[in-house]
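Residue numbers (my numbering), protein chains in the order written: chain A, 1 to 224; chain B, 1 to 224; chain C, 1 to 233.
Do not rely on the hints blindly, as some may be mistaken.
Unchecked claim - List of simulated lysine-lysine pairs, DSSO-like, C-alpha gap at most 27 Å:
{"no.": "1", "chain 1": "C", "residue 1": "Lys14", "chain 2": "A", "residue 2": "Lys135"}
{"no.": "2", "chain 1": "A", "residue 1": "Lys6", "chain 2": "A", "residue 2": "Lys69"}
{"no.": "3", "chain 1": "C", "residue 1": "Lys14", "chain 2": "C", "residue 2": "Lys68"}
{"no.": "4", "chain 1": "A", "residue 1": "Lys69", "chain 2": "A", "residue 2": "Lys2"}
{"no.": "5", "chain 1": "A", "residue 1": "Lys135", "chain 2": "A", "residue 2": "Lys69"}
{"no.": "6", "chain 1": "A", "residue 1": "Lys135", "chain 2": "C", "residue 2": "Lys68"}
It is worth saying that the hints were derived from the structure and are not from the lab. Only a predicted model underlies this, so the values are computations on that prediction, with no experimental measurement involved.
Next come the chains, spelled out residue by residue.
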Amino acid sequence: MKSIIKAVVLFVLIASTAYIAFNYAPIEKSMGVIQKIFYIHIACAFSAFVAFGTCFYANVRYVFTRQPKADWLGVAAAEVGLTFILVVLISGPIWAHPVWGIWWTWDARLTLTFVLGLLYVSYLLLRSMIEEPDKRALFSALFGIFAFLDVPLVYFSIRWWRTQHPQPVILGGAGSGLEPRMRVAYLLMWGALTGLLILLLNARYKLEALRASVEELRREAEVQ
Amino acid sequence: MALFSNTAVLLGKELRTEFRSRELLTTTVVFILVVVVLFSFTFDPTSSESRRFGPGLLWLSFLFAASLMLQPCFLREQNNDTLSALRLSVSDPFAIFLAKLIANTVFLLLTEVLMLPIFAVLYNVHILPVLPQLVLVFLLGSLGVAIPGTAFSAISAQARMRELMLPLLLLPLLTPVLIASTEGTAGLLDPNPELRWAWLGFLAGFDVVFLTALWLFGEYLLEE
Amino acid sequence: MTAPAFSPTGISFKNIDKRYGGLYALRRVSLEIAPGECVVFAGRNGSGKTTLLRIAARLVGASAGEVKYQNAKGEDSTGAPIGFVAHATMVYDELTAEENLLLFAKLQGIAEPAARAEALLSEVGLLERRSSPVRTFSRGMRQRVAIARALLNQPSVLLFDEPATGLDPQGITWLAESIRQMRDAGRTILMSLHGESEISALATRAVRLDAGVVVADTKTGASLRSILTFAGA
Numbered sequence: 001m002k003s004i005i006k007a008v009v010l011f012v013l014i015a016s017t018a019y020i021a022f023n024y025a026p027i028e029k030s031m032g033v034i035q036k037i038f039y040i041h042i043a044c045a046f047s048a049f050v051a052f053g054t055c056f057y058a059n060v061r062y063v064f065t066r067q068p069k070a071d072w073l074g075v076a077a078a079e080v081g082l083t084f085i086l087v088v089l090i091s092g093p094i095w096a097h098p099v100w101g102i103w104w105t106w107d108a109r110l111t112l113t114f115v116l117g118l119l120y121v122s123y124l125l126l127r128s129m130i131e132e133p134d135k136r137a138l139f140s141a142l143f144g145i146f147a148f149l150d151v152p153l154v155y156f157s158i159r160w161w162r163t164q165h166p167q168p169v170i171l172g173g174a175g176s177g178l179e180p181r182m183r184v185a186y187l188l189m190w191g192a193l194t195g196l197l198i199l200l201l202n203a204r205y206k207l208e209a210l211r212a213s214v215e216e217l218r219r220e221a222e223v224q
Numbered sequence: 001m002a003l004f005s006n007t008a009v010l011l012g013k014e015l016r017t018e019f020r021s022r023e024l025l026t027t028t029v030v031f032i033l034v035v036v037v038l039f040s041f042t043f044d045p046t047s048s049e050s051r052r053f054g055p056g057l058l059w060l061s062f063l064f065a066a067s068l069m070l071q072p073c074f075l076r077e078q079n080n081d082t083l084s085a086l087r088l089s090v091s092d093p094f095a096i097f098l099a100k101l102i103a104n105t106v107f108l109l110l111t112e113v114l115m116l117p118i119f120a121v122l123y124n125v126h127i128l129p130v131l132p133q134l135v136l137v138f139l140l141g142s143l144g145v146a147i148p149g150t151a152f153s154a155i156s157a158q159a160r161m162r163e164l165m166l167p168l169l170l171l172p173l174l175t176p177v178l179i180a181s182t183e184g185t186a187g188l189l190d191p192n193p194e195l196r197w198a199w200l201g202f203l204a205g206f207d208v209v210f211l212t213a214l215w216l217f218g219e220y221l222l223e224e
Numbered sequence: 001m002t003a004p005a006f007s008p009t010g011i012s013f014k015n016i017d018k019r020y021g022g023l024y025a026l027r028r029v030s031l032e033i034a035p036g037e038c039v040v041f042a043g044r045n046g047s048g049k050t051t052l053l054r055i056a057a058r059l060v061g062a063s064a065g066e067v068k069y070q071n072a073k074g075e076d077s078t079g080a081p082i083g084f085v086a087h088a089t090m091v092y093d094e095l096t097a098e099e100n101l102l103l104f105a106k107l108q109g110i111a112e113p114a115a116r117a118e119a120l121l122s123e124v125g126l127l128e129r130r131s132s133p134v135r136t137f138s139r140g141m142r143q144r145v146a147i148a149r150a151l152l153n154q155p156s157v158l159l160f161d162e163p164a165t166g167l168d169p170q171g172i173t174w175l176a177e178s179i180r181q182m183r184d185a186g187r188t189i190l191m192s193l194h195g196e197s198e199i200s201a202l203a204t205r206a207v208r209l210d211a212g213v214v215v216a217d218t219k220t221g222a223s224l225r226s227i228l229t230f231a232g233a
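Could you build all of it, start to finish, from the sequences and the hints given here?
Pasting the structure below:
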C-alpha cells in the first residue's frame, strides 16, 4: 500500500514537472521546443551517475563485509542506472537531429555515458555467467570497483581528445545562463527523477532480496 | 624483499613456459597480422589516410589480440590446481599478479614490435626515425592493457563463456588506453613527429591507478 | 632422511561454519588435533571433508569460527609450514619434475633450493626422471612429485585430500609407506579417505562427517572400523 502511494505521488510530481517544463518555462531562443528534452536528458544523466556511485559503494561494502544486502544493492543500482542511461542515450539523438541534422556525435559527455552503459552491461552479463551466489557477488563487485575507477579516466581522455578533434557538442552550455523559469523547471525535474531513482532502487533491491531467498530455498530442496 | 624475489621467480617461470612452446606469441602475432591486413583493405593506403587511420587501427588490433592472449593467463592455473600451490607457497599474493602482468606486458610488447615493420610497409609510414619513442608509447600502452587484463583474466576464469567474457569486460574499460596510445602513436607518425608527453603522462597515470587497485584487491581475486 | 627440522604442531578447529549461498558445507565443526596425531576423515561425497582440509590449509576462508595452529606447548604457531596433497597434483605439467620443485622451493624461501629439490626427488624415487616434463609421468609418478612438493618446507602438518585416487596397488603401498614415515617422524597428518585401506590403517584417530557435521569420532568412543566402513562409496 505504502509503495503505491509513493508511486502515485511521484507520478503526480513528474506529470506536473513535465507540464511546467512545457508551459511555464520559456521556449529557448535558438533551438526551439526540442530544447525542452534537455530537462529529462540532464536529470536522467545525473540519476545515472548517482546510481553508478551507489553501485560502487555497494561493491566495496560487499568485498569487505560479504553481506548479501550489499550485493543486492549493487545489482539494483546497476540495472536502474542502466535504464537511466538508456534514456539519456535515446534523448540525446532525439535532441541532436533537429538541431544539428545528425543523430550521433562523439561528444564527450555522451561518449562517457555510452561507455558507462557498456560497463554496466558487462557487469550484468558477468553476473549472469557465474552461478554460485557468493562467487557471483564477489567477482562482479571486484569488476564493478575496477569499472568505477575507470570512469574518470574515460572522461578525461575523451575530453582531451575532443579539444584536439573538436566536434559539435550535443548539449552546448548546459546550465550556462539558465533563465529563472528554466531553472525552476530543471530543479523540479531533477527532484522528480531523483525520487524516481530511489523508488526504483528500492523496488529492485527488494526484488533481489526475494529472488535470493527463493534461490536459497530451491538449492536446499535440491540437496534433499 | 620477499615480494620481489617471489615475483622474479614466478616471472622466470612464466617466461620460460612461454618461450618453450611459443604458442601464445605465435598465435597472437598471426592474429594481429590478419586484423591489420584486413583493416588495410578498408581504405586507400595513401599517406595521409594511413596516418589518420593507421594508429587507431593498429591499437585496436592490439586490444583485440590482447583480450584473446590474456585468456589462458589464469585459466591454465586451473589445470592441476596449480593456483592453490602458488597461493600456499608465496608470502604475498600480489607477487602472482605482478609476475603475470609483467610477463603479459613483455609478450604484448614483443608481438607489437614484431608487427611494426609490417605495419610500416602496409600503411606507408616511417617508423625508423622514431623507433625508441614508439617503443616507449607501446610499453606504457601495453602496461595499460596488461594490468586490468591480468586482473580480468582471473575474474573471467570464474565465469561461463569466458572466451567472450574477457573481451566484454576488458575492451570498454580500455577506452582511455586506446585513445591515449593512438594519440601518442599518431603524434610520432606525423610528418613532423612529436612525442605527446601529455598523453604519455596520462597512460602512466592509468597504469598507476590500476596497479594500485590490483595491489589493494588482488588477494580477493584469488579467492576460491 | 635427516632428522626432522620442524616443531610438532597441533590444530584446533573452533565452531567452523562454511556457507555457500544458503547451503552449509560445514556446520559448527569443532575439533582439537594434538601434535603428531594422524587423523582420517571419512564421509560421503559432499560431507565437507575437502572443505575442512582446504580451510585448514587456509585456501578457503571459513564463514564463521576459526582455525588455529599451536605448538606442543599450546602457544600460537600461525606460521607453521603446511604441506597439501590433493587429488589434483598442483604441479606444472609443462615443467620438469626438478623445475617444479625448484620453483616451489625458491618461492617458499628454502635455503639451497637445488640441493633440497634433489634430495626430495631421490627420496620419492624420481631422481632418474628429474629432467622429464611432468606431463610424461604416470598418475603414480605425479603423486610422488606432489608429495615431494608438499615436503619441501619440512611441514609440521600434512593435509591429504583423497590422495589414493587413481593409484594402482603399488602406488597405494608406496603412499602408505611414505605417510607412515611422516607419521613416525612426528608430523601431524589429516587425511580424507573413502573406506578402508593400507592408508587408513595408519590412522591414530578417525572422524566421520555427514552433511558438514561431525557425527562420530574415535576420540569419543566410536570404533575406527565403524567410521570407515560406514562411509559409503
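So, going through the hints one by one against the coordinates:
{"no.": "1", "hint": "Lys14/C <-> Lys135/A", "result": "holds (25 Å)"}
{"no.": "2", "hint": "Lys6/A <-> Lys69/A", "result": "holds (23 Å)"}
{"no.": "3", "hint": "Lys14/C <-> Lys68/C", "result": "holds (8 Å)"}
{"no.": "4", "hint": "Lys69/A <-> Lys2/A", "result": "holds (22 Å)"}
{"no.": "5", "hint": "Lys135/A <-> Lys69/A", "result": "holds (15 Å)"}
{"no.": "6", "hint": "Lys135/A <-> Lys68/C", "result": "holds (26 Å)"}
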